[in-house]
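> Please take these sequences and the hints and turn them into a complete structure.
Going by our numbering, the residue at position 212 of the sequence shown is 212; the numbering climbs one at a time, nothing skipped.
Don't take every hint at face value.
Here are the simulated BS3-like cross-link-like pairs (lysine-lysine), alpha carbons at most 30 Å apart as the crow flies [what the hints assert, rightly or not]: (1) K123 x K99; (2) K123 x K101; (3) K123 x K135; (4) K18 x K36; (5) K101 x K36; (6) K101 x K31; (7) K162 x K123; (8) K36 x K108; (9) K35 x K99; (10) K123 x K221; (11) K108 x K123; (12) K18 x K35; (13) K108 x K135; (14) K24 x K35; (15) K162 x K91; (16) K35 x K108; (17) K99 x K31; (18) K123 x K91; (19) K35 x K101; (20) K36 x K24; (21) K18 x K31; (22) K135 x K91; (23) K24 x K108.
It should be emphasised that the hints constitute simulated quantities derived from the structure, not laboratory data.
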Amino acid sequence: IDAALPFNASLQWRDKGKIRQDPKFGPLYQKYLAKKAAWRRIDQYWLLSVARLGLQLDSATNNTSLVLAFEFVATGDVLLFTADAQIGSWKSWLTLTWKHKDGEGQEKECDTADLLRRTVFYKVGHHGSHNATLKEGGLEAMTSPQLVAAIPVNQDFANNSKHWQMPAPALFQRLQELTDLRILRADASYPDSDEQVPRGLVDREKREWQRFQNAVILDPKGLCIDFLL
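Okay, here's the thing in structure tokens:
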């Protein structure tokens, strides 16, 4: 049974009686079981056909991708992960609005343009393909001076084995301009610890570059890149 669980057994909910009495997890458990939160629970979905359906849909279209935006409540900074969603999917978000509480507990409303304006980390869609990042109202709306982009791409494989232009040249150039070269790539050890500040940056951009450089930890074996926020 443990082998069939989607997560390690140590990460499962504990005995209901014990978890209700836990001062930290008790309140969380109550919120999790609240009737109004039922639509968010996916406890048993892994037992059904969702995984198989998801794999089938992945073969059909990238626009079924789940797109996530995480907000730091204290600062309002946003991390945007767009998976493989293409431009048609991007356009479907543009009119959405949400109500939530800010760092001071005050309820406020935000929309997609506001989230994009506050985005400081953008996981570039679909390996940097030409049709997975909306330009007007999308990338151009990411105006934070702290913006960092991450591209999960192997350019050599994409260009020479699949004959795909990934990352798309025009998109990559614009990303370089908007981020002042603060781009992480899965196929590049960048920035190196001894990387010099790129030429042409003004003082503010140099400070952001230094902060970016200090926030990046490259695995010496090339397995991963840690980026600390």
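> Next, verify each hint and record whether it holds.
The hints, checked one at a time:
| no. | hint | verdict |
| --- | --- | --- |
| 1 | K123 x K99 | holds, 24 Å |
| 2 | K123 x K101 | holds, 25 Å |
| 3 | K123 x K135 | holds, 15 Å |
| 4 | K18 x K36 | holds, 23 Å |
| 5 | K101 x K36 | holds, 18 Å |
| 6 | K101 x K31 | holds, 17 Å |
| 7 | K162 x K123 | holds, 22 Å |
| 8 | K36 x K108 | holds, 20 Å |
| 9 | K35 x K99 | holds, 20 Å |
| 10 | K123 x K221 | holds, 22 Å |
| 11 | K108 x K123 | holds, 26 Å |
| 12 | K18 x K35 | holds, 21 Å |
| 13 | K108 x K135 | holds, 27 Å |
| 14 | K24 x K35 | holds, 20 Å |
| 15 | K162 x K91 | holds, 28 Å |
| 16 | K35 x K108 | holds, 24 Å |
| 17 | K99 x K31 | holds, 18 Å |
| 18 | K123 x K91 | holds, 18 Å |
| 19 | K35 x K101 | holds, 21 Å |
| 20 | K36 x K24 | holds, 21 Å |
| 21 | K18 x K31 | holds, 16 Å |
| 22 | K135 x K91 | holds, 11 Å |
| 23 | K24 x K108 | holds, 27 Å |
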